[in-house]
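Model the full assembly from the supplied sequences, consistent with the hints where possible.
Residues per chain are reported as follows:
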Amino acid sequence: MREHISRLMDGDLDDAECDAACRDLKATDAVAVWVSYHMIGDALRRSGSPMPGFAARFAARLDTEPTVLAPMPRQSNRLPLAWAVAATVAAVMVVGWAAVSTLDPQPTAVARAREAATVRSAPGNPQSVSPDYLLAHQEFSPTTQIQGVGPYLRPVSSGAPDARP
Amino acid sequence: MSVGYALTGARRSFVRAAVVALAMLALPRAALAGDASAWLTRAATAARQLNYVGTIVYQHGAYSETSRLVHLYDLGEEFDKLVNLDGPAREVIRSHGEVRCFYPDAKVVRVEPRTFRNAFPSVSPQQQKALAEFYEFRKAETARVAGLETQAWVFEPKDGLRYGHKFWTDIATGLIVKARVVDERNGVLEQFAFSEVAIGAKIDRDMVKPTYPPTPSGWRVRRSGQAEADSKDTGWTATRIPPGFVKIVDGFRRVQGTRQVAHLVYSDGLVAVSVFVEPGGGAPHPGGFSAQNGLNVFSRQVDENVVTVLGQVPAVTLRQIANSVARR
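If you read the protein sequences in the order shown, they are chains F and D.
Our numbering puts the first sequence at residues 14 to 178.
Our numbering puts the second sequence at residues 85 to 412.
What the hints contain is simulated information worked out from the structure, not anything from laboratory work.
As the structure is a computational prediction, the values presented were derived from the model and not from experiment.
Glycine included, every Cβ here is placed at the ideal spot set by N, Cα and C.
Honestly, I wouldn't trust all of these hints.
To be verified - Pairwise CB distance ranges (calculated):
{"hint": "1", "chain 1": "F", "residue 1": "E30", "chain 2": "D", "residue 2": "D290", "range": "51 to 59 Å"}
{"hint": "2", "chain 1": "D", "residue 1": "S408", "chain 2": "F", "residue 2": "G54", "range": "22 to 30 Å"}
{"hint": "3", "chain 1": "D", "residue 1": "P297", "chain 2": "F", "residue 2": "D32", "range": "54 to 62 Å"}
{"hint": "4", "chain 1": "F", "residue 1": "R36", "chain 2": "D", "residue 2": "E217", "range": "21 to 29 Å"}
{"hint": "5", "chain 1": "D", "residue 1": "R411", "chain 2": "F", "residue 2": "D23", "range": "20 to 28 Å"}
Right under this line is the structure:
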């Protein structure tokens, strides 16, 4: 499950695996893994804020909040640390859960993500394929059989810089 | 006794009527399943057996190129001449099943020898099933293309692993005069279209004769190997083939005269995906996606080999296949 979530975040999963990983994310512990992986990722990239001292500040803020529903005298001025940590974890889980549950489960979202992955890697154009490959592929494509010689323009098209022999 | 017999007879005829009624209800679907492959056969026969000459516009991405195409069917053989009209001259000659691509600026001629595949392929029962299961095939609108009355046909994919295909056929002859590939948002990825075409024109051998001698002196000849003739087990396989795809080729192919490359082809009856496994040994291959001349390409390194997967399918399909390529 952990490996799937990690690969999902990297955009490395194929169709079926992606569906399975998204199903897994409906489980609470999977969401926790998802959230913590994102926090690790953000920290490594220094893109997000790991928010040092968040728990302490959260506890302090909570401390100053008026208690609306239970106007009872407080037994303690400071919230015990364990409670602060629990509250933080719960808050993170809720945020994570909300994020996951708002994910569009429609195939369009998956398709868009896929498209994004393609577009991202396209400009790199890491290699050009030999026209030999294009030519070899050509005759086995059923669409070539119904379109006659036209598709042979693919291997010889001068439009692509790689079309040179 | 006779009453009982009559009842049995009545019941029997009722059952028969019910079966016929059910069969008729089921017929449109069943007919559709057969329709796609029957339509492909008709279109392939038209492309092969008609004589035609015209101007074809080929578009992919923002790029478009115009070419002259001549097709002759004579004594059971096909002869084609395809000459581009824009950019550096290119000429494709197909005769007796052999394909020659001439690149006069580079002084190169690329030769793809005749293979068994040049004979018209029949769509296997397995592929027929895949066509019906993974595409919705339907008759669309009528339209005017290249001055002809045409009928549009659509293959709409039922999953995200295939692209959509639309074809326009000349109503009079069945020849495809326009073909388009679209992505899931109906964006055009590639299109072939005649801007003008004369179908049934009188064409003689001179019109399909190459401009150049078969191997012009001073030109380099790049001859591909006969992959299919000595088709044998390459020892490579793709373990996670998307549903509907069937392996149709497994053999070695000679690339650029020297290197032996394993070539596997998988097809769903409408499109094909090629897997090439080339022994590397050089610098590590960077791998990744690219789109080239209307085809998607994905490559990756597997041990000392470079795996290249290409075809007219979405990137996700290529990646799934490429990531599962392994030695058997």
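Against the structure, the hints come out as follows:
1. F:E30 <-> D:D290: 51 to 59 Å: holds, 57 Å
2. D:S408 <-> F:G54: 22 to 30 Å: holds, 27 Å
3. D:P297 <-> F:D32: 54 to 62 Å: holds, 57 Å
4. F:R36 <-> D:E217: 21 to 29 Å: holds, 23 Å
5. D:R411 <-> F:D23: 20 to 28 Å: Holds: the Cβ-Cβ distance is about 25 Å, inside 20 to 28 Å.
This entry satisfies every hint, going by the numbered hints stated previously.
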